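Student: Using the sequences provided together with the hints, build the complete structure.
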Amino acid sequence: MTSTIENNEVVVLKPEKKEPLGVFFWVCVGWLGVNLLAAIFANFLPIWGPQDSNNYVDLNTGPSFSHLLGTDDLGRDILSRIIYGARVSLGVSFGAMFLAFFIGGIFGMYAAYRRGKLDLILTSVSLVFLAFPSIIAVIAVLSFWTPRSILKITIVIAVTSIPLVYRVIRAATLSAATKDYVLAAKIQGATDRRIMTKELLPNILPTAVSFVMIGIASVIVVEGSLAFLGLSTNVTTPSWGNMINESRSVMQVNPWLVLFPSLAMCLLILSLNFIGDRIRSYYDVSEVKL
Amino acid sequence: MSSSPILVVKNLTTTFITGRGRLPAVGGVSFELNADETLGIVGESGSGKTVLSRTIMGLQPRSNVELGGSVQLLGHEIVHASEDELRTIWGTEVSMVFQDPMTSLNPVMTIGKQISESLRVRLGMSKADAKVRAIDLLKLVGIPSAEERYDAYPTQLSGGMRQRVVIAIALSCSPQLLLADEPTTGLDVTIQAQILNLIEELKSKEKMAVILVTHDLGVVATRTDRIIVMYAGRIVEMGRTRDVFFNHRMPYTRALLESTPKVSNPSHTRLITIPGRPPDLYNLDGGCAFAPRCAYATDQCRQEAPSLQEANSDGHLFACWNPLPVGTSPLNQQNSNEPNGASNEQ
Amino acid sequence: MSNKKVLLEVRNLEVNFKKAGQVVSAVAGLNFDIYEGETLGLVGESGCGKSTTGRALMRIVEPTNGTIVLDGKELTSMKGRELRQERTKMQMIFQDPISSLNPRRRVKDIVAEPLDCWGSAEGDERDRIVFDLLNRVGIDPAIYGNRYARQFSGGQCQRISIARSLAMRPKMLICDEMVSALDVSIQAQILNLLEDLKEEYGLTLLFIAHDLAVVKNVSDRVAVMYLGKMCEIGPSDLMYDAPAHPYTKFLLSAALEANPDSIQDNEVLSGEPPSPLNPPSGCRFRTRCPFATELCASQEPLLTEVTPGHSVACHYPLTTVKA
Amino acid sequence: MIKYLGRRVIALAVILTIVSFGSFSLIHLLPGDIATVILGTGNTPANRIALYKQLGLDKGLFSQYSTWLGNIFQLNFGNSFIDGTSVSTTIGTALPIDFEMILISQVMAFAIAIPLAMKAAKKPNGLFDRIATGTSFTMLSVPPFIFIVLLVLVVSINLQIPGTGPASFVTFGQDPFHNLVSLVLPSIVLGIGSTVVYFRVLRSDLVSTLQEEFITMARSKGLTRRRIMWRHAFRPSSIALLGTAGLNIGGLIAGGFIVEYLMQIPGIGYMLILAINKSDFLLVQGIVMTIATLIVLLNFLIDFLFGIIDPRITRD
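For the protein sequence lines, the chains are Y, Z, U and B, in the order given. Here the numbering used here is used: position 272 in the first sequence is 314, and no number is missing along the way. Here the numbering used here is used: position 129 in the second sequence is 859, and no number is missing along the way. Here the numbering used here is used: position 59 in the third sequence is 135, and no number is missing along the way. Here the numbering used here is used: position 141 in the fourth sequence is 153, and no number is missing along the way.
A hint or two may mislead.
Unchecked claim - Simulated crosslink set (DSS-like; lysine-lysine; CA at most 25 Å straight-line):
1. Y:K221 - U:K95
2. U:K95 - B:K15
3. U:K80 - U:K165
None of these hints come from the bench; they were simulated from the model. Bear in mind the structure is a predicted one, so any value in this text is a computation, not a measurement.
Tutor: Next comes the structure, spelled out in structure tokens:
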């Protein structure tokens, strides 16, 4: 064979032009991690019990050495109640988003890849549901579906989030599925399942992760609102929403009671939003327009 | 040809300051353009031809860009002019046709409005006058049933028609210089021929100078008076069109010519290729930027960048330490089927 | 030429799209053969259906009508695994080099994708095949095999695409505008590489492009399409010298030659192609053809042989006028 | 355009039908027997049958639905089980308060967000942009119920500004000045929330629009920056803004309840919460139906505006 091979190219690789995720991103991830760990291992932490009322010694105190964030009007430790409250907020929001993504994501991906009638039907249905305000649906269903539990709240929020998740994942899949590499995989004989898992999934994952983060943040707000309406968990179970709501009446006496749970909630939402936003811009995923 | 130049570019540099360092997109470019001339600027992607044309126009964004040298257009200095000053020149003295007519027209404005807008803002015409003139312009660039098309949106037109609209906008305030940046890339061959003929026709009708920026040697071969060949942000050869095609001295010009497939080639003609890839502008060393791909490169080429030198008195310049002999252009031996002696395959 | 073995036989290929309730006839009844070992160029302007034809052959786009016989096997009636298996004999390279490669996969996995799909090679064997293919297309596998595709330039991506398409040792390669997004110097490298690989792997090529010069440089025969129909098909040298269809002639005269002495024909084809939603009756080119008569409007010209191996669909082919 | 609107009207009708059926069936999702819920236990069967008859629950589901729907077309949502007041009247008194709050907050949001977004988009990643984007991000992370609680803490409790605290609402008809004062804090909360969202959307869209070639083209025509920003960049970018505004205003109609509840402003959201707490199911049904209808109509209006702004949309 007369070789006419041109010499192996000196390939000039394009540099990864991305700016790094940044320190603040990792601070946010760290904060989310702290929240998660504290919520999971609350029982093992050297803190007061959330219901320990201290024999009415320290009522409505500000931060001190024995109670880092102070106590409420029943003498219960605020830090401890915030940590146990994180269980409700994080439990409901992570649970609801994972459930919604499991169902909505699979349908969204499948519909966008297959197109055709199934896509048309699912998309029309999702549009109808999106026209119906989901928060109203959540309130309506929860007010009728008693007795309430964390599981029920999670399920209701998850179900009402499915149409939105479906739309987001469908749009992300659609933009990936129209790329030539999908066709290339197809003509090499890849099965639909292989294309969906090997070619499409890695490309919609950044969108999904980013949206999960922002979704979790918004579920935390929804759960908080429900707590205000008395539609969330039992009042005796501490949740951030409950804590803020209960202490509104003593706000004048002890503003710490409102400030600390509010701060806990805002910081976590900020972290989640920031993580989601950075992932989106890092992976250069354009904002999904609905 | 001896009329005084309308455009004088002297030692122009455009350097982008990016996260990776300094990117010298255009480095030390000098040339002149006469009032009735058509100048072609040819180069591959990354050669700096588009940046050059935008810098001449003054359209380069100001942040993270370092400009040097001078561009004198009809007595106005462009390089350090403020946008307010430039605005008085744009449209009336120089205007531009962009590569992609789809993206260079505002999708939510009717084409008529986009033309008459210039007339009203720049020339202070009344609404009614501007409309009449805009329709005239649409007719001038060959758009059928111009009155009806006046109210059309860009998406309702084909690519060729859109490019005609862009040309109409560019001509609306009778500029003396038209900068056309890849005006036919992405258009079909028959439409490309129509657009190039249109520009040529309007050039003589409107008495303006034209700069035709392109990657395609075919576009400039028969429609320009002079050609500039760019590589890595610099002029490597410049001269009258025939000189560049037939008497080029710079090996890159030849390589470009040889690697372009030709309709007149018999089928299965093996193209003579340039090995390697265009240089990484971030890491230019002191030598000739083409040296790593050049078959004739010597140590001198790798160490010292050649400057432009005269090939003849007609303004034919080239930048090379080991220029090709005169008259060895592949175009001169087109009918001999012998393989070219100067094969630079490695 | 005619005693050669036919590798791909296309009969009455039609592709219709539905758009806003209307039917777009993108490909309207194509008949052609591709012989083993040859390169057939397919040219035409945008919207003429040349890309759709290529995609319909691969059945990425479902043909509305017609038959495709590849190496003796009828493809249009196949389904599922059989289709996927049979289709690996024919591969396609796309126009956009960047979007052809999954940005989130490594180069060596991209090239190995067909092998992994079919489990035809594993472990060291798989690595060896990938290594050889990458080397063959000029990408050093030892250095770049583990890189992600997004770091490569257009020309390099196209090389990787070629390597991938060869992994299953296909008989036929469909190149859909594969060099039109590349710079001339890179384009020439890829075209030469393609010619070498064609020889080495015994490939048959369908080379789809809008650039007449590029097509002529690689093709044995050329087919010209206009608005979903084939105008002319014949040996490339012969056809470029003496086009028989007026459209081919205009197309050639509009092609710009990089030579100041080339004659710039002032006979530029005026107007633009009509909409495929509502194609003209009879000959689809008649609305722009200076030679059109009433016959052209009423009766569709069929593809007929003017000289051996050279067919044209025109009532008034130019060669007969000349003769 | 007509074809486009026609299709939208059909979609509108379909969605409204489904939404109305959803609202209607809410009452049937109740666990247990409605008569027990309304009359309490320990009632005679005769009373139950009378109630069933009064509610029309003795008829078939479809006939119930069509009667209910027929009534709704005459804006008759029935009378409350609890206090016998007309549901339509309750909704009719509550809605204007929401409209007032939304109007104030949206005027405020657009007035702040548009100029800020334009200034920020002129120099992406410049100092102004960084500050504005950072601030918007922080504001985005404060839920409305925390925001309003903190505002009340500062403004009404610490600064002791009269008429701004919870339960100080008076209607516009009673006292326009105090009405406005009492709506200041809730409007700020809703307005800032909207401002942040609009700013972020418009800024990012403007940044990408300003990089488009047609902006360079407009510059090369010699147009002023101001003209380019408003005539060439804002209009295409306003599509994203408008779409967001549609979703956001819909969200305010549906989600304003938390602010209304905390401030005890008798808007539609507060009424909904009260109705739920009192188990006033006909009122819940009526409010849900009203909110859903308003949101669907809002979406229709936004679609219509899309069609006006962007000719591409009406000709797909």
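Student: Now look at each hint and say whether the structure bears it out.
Tutor: Here is what the structure says about each hint:
no.: 1; hint: Y:K221 - U:K95; verdict: holds (21 Å)
no.: 2; hint: U:K95 - B:K15; verdict: holds (15 Å)
no.: 3; hint: U:K80 - U:K165; verdict: holds (19 Å)
In this structure, every one of the numbered hints holds.
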